[in-house]
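A.B. asks: Okay, here's what each chain looks like letter by letter:
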Amino acid sequence: MKLELGNFYVKDIVFGDETSYSNGVLTVNKEEALDVVKEDEHITEADLFIVKPGHNVRLVPVKEAIEPRTRVEGGPVFPGVTGDLMQSGNGRTLALKDCSVLVVGKHWGGFQDGLIDMSGEGAKYTYYSQLKNIVLVADTDEEFEKREQQKKNRALRWAGMRLAEYIGSCVKDLEPEKVETFELEPVTKRSKEENDLPSVVLVLQPQSQMEELGYNDLIYGWDTNRMLPTFMHPNEVLDGAIISGSFMPCSSKWATYDFQNFPVIRKLYEEHGKTLNFLGIIMSNLNVALEQKERAALFVAQMAKSLGADSAIVAEEGYGNPDADFIACIAALEDAGVKTIGLTNECTGRDGKSQPLVTLDPKADAIVSCGDVSQLIELPPMETVLGELESLGRDGLSGGWEGDEILGPSVREDGSIIMENNSMFCGDQVVGWSPKTMKEF
Amino acid sequence: MKKAILYINQFFGQIGGEEKADIAPEIREGLVGPAMELQKRLGEDVEVTHTVICGDNYMGSNTDGAIETILGYLEDKDFDIFFAGPAFRAGRYGSACGHIGKAVKEKFDVPVISSMNEENPGVEMFHEHIYIFKGGASAAAMRKDIKKMANFGKKILNGEVLLSAEEEGYYGRGIRRQVWLEPPVTAADRVIDMLLKKVRGEKFQTELPIPEQDMVPIAEPIKDLSKANIAIVTSGGIVPVDNPDRIQSASATRWGKYNISGLDRLESGVYKTIHAGFDPAAANADPNVIVPLDVMRAYEKEGKIGKVHDYFYSTVGTGTTQGEAARMGKEIVEHLKETNVDGVILVST
Numbered sequence: 022m023k024l025e026l027g028n029f030y031v032k033d034i035v036f037g038d039e040t041s042y043s044n045g046v047l048t049v050n051k052e053e054a055l056d057v058v059k060e061d062e063h064i065t066e067a068d069l070f071i072v073k074p075g076h077n078v079r080l081v082p083v084k085e086a087i088e089p090r091t092r093v094e095g096g097p098v099f100p101g102v103t104g105d106l107m108q109s110g111n112g113r114t115l116a117l118k119d120c121s122v123l124v125v126g127k128h129w130g131g132f133q134d135g136l137i138d139m140s141g142e143g144a145k146y147t148y149y150s151q152l153k154n155i156v157l158v159a160d161t162d163e164e165f166e167k168r169e170q171q172k173k174n175r176a177l178r179w180a181g182m183r184l185a186e187y188i189g190s191c192v193k194d195l196e197p198e199k200v201e202t203f204e205l206e207p208v209t210k211r212s213k214e215e216n217d218l219p220s221v222v223l224v225l226q227p228q229s230q231m232e233e234l235g236y237n238d239l240i241y242g243w244d245t246n247r248m249l250p251t252f253m254h255p256n257e258v259l260d261g262a263i264i265s266g267s268f269m270p271c272s273s274k275w276a277t278y279d280f281q282n283f284p285v286i287r288k289l290y291e292e293h294g295k296t297l298n299f300l301g302i303i304m305s306n307l308n309v310a311l312e313q314k315e316r317a318a319l320f321v322a323q324m325a326k327s328l329g330a331d332s333a334i335v336a337e338e339g340y341g342n343p344d345a346d347f348i349a350c351i352a353a354l355e356d357a358g359v360k361t362i363g364l365t366n367e368c369t370g371r372d373g374k375s376q377p378l379v380t381l382d383p384k385a386d387a388i389v390s391c392g393d394v395s396q397l398i399e400l401p402p403m404e405t406v407l408g409e410l411e412s413l414g415r416d417g418l419s420g421g422w423e424g425d426e427i428l429g430p431s432v433r434e435d436g437s438i439i440m441e442n443n444s445m446f447c448g449d450q451v452v453g454w455s456p457k458t459m460k461e462f
Numbered sequence: 089m090k091k092a093i094l095y096i097n098q099f100f101g102q103i104g105g106e107e108k109a110d111i112a113p114e115i116r117e118g119l120v121g122p123a124m125e126l127q128k129r130l131g132e133d134v135e136v137t138h139t140v141i142c143g144d145n146y147m148g149s150n151t152d153g154a155i156e157t158i159l160g161y162l163e164d165k166d167f168d169i170f171f172a173g174p175a176f177r178a179g180r181y182g183s184a185c186g187h188i189g190k191a192v193k194e195k196f197d198v199p200v201i202s203s204m205n206e207e208n209p210g211v212e213m214f215h216e217h218i219y220i221f222k223g224g225a226s227a228a229a230m231r232k233d234i235k236k237m238a239n240f241g242k243k244i245l246n247g248e249v250l251l252s253a254e255e256e257g258y259y260g261r262g263i264r265r266q267v268w269l270e271p272p273v274t275a276a277d278r279v280i281d282m283l284l285k286k287v288r289g290e291k292f293q294t295e296l297p298i299p300e301q302d303m304v305p306i307a308e309p310i311k312d313l314s315k316a317n318i319a320i321v322t323s324g325g326i327v328p329v330d331n332p333d334r335i336q337s338a339s340a341t342r343w344g345k346y347n348i349s350g351l352d353r354l355e356s357g358v359y360k361t362i363h364a365g366f367d368p369a370a371a372n373a374d375p376n377v378i379v380p381l382d383v384m385r386a387y388e389k390e391g392k393i394g395k396v397h398d399y400f401y402s403t404v405g406t407g408t409t410q411g412e413a414a415r416m417g418k419e420i421v422e423h424l425k426e427t428n429v430d431g432v433i434l435v436s437t
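Each protein sequence line maps, in turn, to chains A and B. Per my numbering: the first sequence = residues 22 to 462. Per my numbering: the second sequence = residues 89 to 437.
The reader is advised that the hints may include incorrect statements.
Claimed, not checked - Cβ-Cβ distance ranges computed for the label pairs, FRET-style: (1) B/Q301 to A/M248: 12 to 22 Å; (2) B/E308 to A/K384: 27 to 37 Å; (3) A/K213 to B/G289: 14 to 24 Å.
What the hints assert, rightly or not - Beyond 12 Å from chain B on every Cβ pair, some chain A residues (computed): (4) K118; (5) G141; (6) L328; (7) S375; (8) V452.
FYI, nobody ran anything at the bench for these hints, they're computed from the structure. By construction, the Cβ of each residue, glycine as well, lies at the ideal position given by its N, Cα and C atoms.
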C-alpha cells in the first residue's frame, strides 16, 4: 500500500471571489462555501470566519477539526462517510497544511465540545491555536439534542467534512509543494534488514463506548462500537478511513484532523527501517462492560503475537472508564511477551492526589503521560468570542460548570473563565503532539 | 519584608538533651540555634521573627495539647512562611516537625518547609502534607539542609515557578500535575524513545510510576449466614446530624461508631451524610441508601442473617489518603474483632 500526501503549505487565508490556492494564499468564496454547508437542510444558520494564531479570539463550543483535502484520482476524502466506500491509503491525496476547518456551535455545546483560545495564556492548551483556521459557526434544527449533555452533532460534523472537501478540492489540479510517501511492504515480504529490527505494532483505542449509534468514531463509516479489534494499514488512518466521534470529554478527544495527521504514526514511519520495523496498526476499541474489555484485549494480544510483534504502543482516546481497557490491553500484551508502552493522559483531581488512572497494573511499567484533564485553568476575557461563551458553563461541557460553591461559575460576567483542562479542544494531544507530561509535586 | 517562624526541639533550642525532652512548648522572639543559619540563608528580604521550641517527648505524648499551645502562640503573629527542623534522622523530632507543620499549614495556610533524612519515619507520615526536603543523617548536614529549605522558601516567597518534587529535592507530596517540558519534546518522540529502550533492555523512566499494590485477598465465605453477626461500615459519611466525632467532609482522618441497636432504620433528620464528594440530597432524604439498616433488619427478621451488629462505623472516603484509610480500617477492625463480628458490608459511595 502506497500513499502519497501532496502538501500545500497555507501561509494565509482570505475571503475572495474564487475558492483557490496560489503562492501560499488560500482564498475562500464565502458564499459558495456556505452553500456547501447548507446542502443539509438541518443547518439553520451558518457563517464563516478566518481565525489565525495571535488573533484575540476565543472559540467555544468547538466540535470538530478537519484538514482540507482532496483525492487526485477522485472519491470521497472520508470513504463510507462523505461518499461511497473505497480503499483509503493508496494513491495520491492532496492536503492544505497548517490550516484546519473548525466547526463551532452557534449556541449549543455539550460534554464532548471544547474551547480554543487563539492568543494569550490559553493558546498553549490546544494544538489548534497554532493553525490558520476556517471557522464554521452554525446552528441546526436537531431539537432532540439541543439541551442534551451528549450531542451527536451530526449535521455540524458532516457540514465540516463537506466544507473541508470543498476547500480541499481547489488544489485538485495543482502540483503539490511537497510530496510525502508512506509505504510499507506487506508484513511477510519485508527485507532482512527490516526484519532484523525490533518489530512494533501500534494499538489504537478510538472512542467507541456509546451503545447508541451516532456518537462514536467511525471507520469507513462503520460505528466502532460494533467492531472487534482488527488489523489496519497506517495509511488508512492517515488517509481518512477514520473520523472522530462526538462523545469523549474534549481534551481526551482525537479530532478527525488528529487522525489525518497522527504524529505517532508519522514518527513510526520515520523510524521504520532505521531503528524499528513498523508492522501496522491493531485498531482496537473502548468498551463499557468488563467482558467486552477483556475480549478486546484478548484479540489484540493474539493479533500482536501472531504478527510476531516484539513490542507495542497502546494509545487510548479517553480517560476514566476507558483506562480499564487501556490497562487490560497493556497487561494482555505483556503477558503475551510483547514489550508494551502506553500513551495516555491522567485525571488526578482538583488536589492532584487522586489515582491517575482508574485501574493500574504493575505490568504497565512504561507509560508516556500527556496531561491532566482535571487541571484548573483561569483565563482572562477575550476580545471576540465565536460561538457562545455561556455554553461552557450552561451546556455541561466536561470542563465547565454553571456554579461551584468555591470557584463560582465557569463563565463570569466580565467574560473571564475558569475551567478544567477537560474542555480544552483535543488538548491532551495523545496522538503524539503533546509537549506536556505529568510530574509529582 | 516577609516574615518566617522556625520550629525546633529542645536539643537544638539549646535547652538540653534527652533529660529535657519533656519540656512544654515555648516561643521566643528572635533567633535560637539553627534559626541563625536559617536567617543567614534567607537573606535580607525575609526576617525570622520567632523560634518555637518544644521537647520531643512532650510533643510525642501530648501531641494535641502541644499543637494547640503552639497554634495559640502563633495566633497573633504575622508570618508568611513556617519552617520546622531540619530533623535529620531523629525520629521523634521528625514526627514533631510533621505534626506541627501539618497543623500550621491547615490553620494558617502558609507554606511549611522541613527537612528529614529518608529513614526518618516523619517522611512517610507527613510527606503528603508539607514540603520535606531530602536531608542528611545527622546534624553534620545542618548547613546544607538549611540552605535547601531556605532557598526553596525564598523561591515560594518571590513567586517563582516551582519545579517538580524531584527537581526541587523534596519528597513528593503525591500531587501530580501537568507540566510543559523544557525544551519541548513531543509525546511521539518520547514514546519511541521509551519503546526502543524497553525493547533493547536499556533503562527507561516511565512518566506514570505505578504505586505499589497492596492487595487484600477476598475473605472465605461465611459458612452459616443465619448465625452471623453482620456489621455495616461505610466511607459514605453517614453520621448523627450533629456529627459528634467531627469527621471531616473530605480528606478524613477520623471515623465514628454509632449505636443502632434499638433502631429499625436510620431516619432522615436524625442521620445525614457529611461527605463532600457527591450530591447529598438522596442520602439525606433516606440515610438507609448508604447504611442499609432497613433491609438488614428485614433479613434479620427473616432469619437470613443472625443479627445486625449493634454499631455502624462511618468515615468519609473522598480525598482521604490511602495511608489514613488503612489506619482507620485497622482501628475499626479491632472493634469488630472484639465484638465478634463475622462479616462486614462495606458501603462505598
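A.B. asks: Run every hint past the structure and note whether it holds.
C.D. replies: How the hints compare with the structure:
Between B/Q301 and A/M248 the C-beta distance comes to about 33 Å, which lies outside the given range of 12 to 22 Å. Between B/E308 and A/K384 the beta carbons are some 28 Å apart, a value that agrees with the proposed interval 27 to 37 Å. Checked against the hint of 14 to 24 Å, the pair A/K213 and B/G289 passes, with Cβ atoms roughly 22 Å apart. A cut-off of 12 Å between C-beta atoms confirms that A/K118 is not in contact with chain B; the least separation is 17 Å.
In this structure A/G141 is separated from chain B by more than 12 Å, as the shortest Cβ-Cβ distance comes to about 16 Å. Residue-level check passed: A/L328 sits 15 Å from the nearest beta carbon of chain B, beyond 12 Å. Its beta-carbon lying about 8 Å from the closest one in chain B, A/S375 breaks the requirement of being farther than 12 Å from that chain. A Cβ of chain B approaches the Cβ of A/V452 within 12 Å, the least distance being about 8 Å, so the stated non-interface status is violated.
This entry does not satisfy hints 1, 7, 8, going by the numbered hints stated previously.
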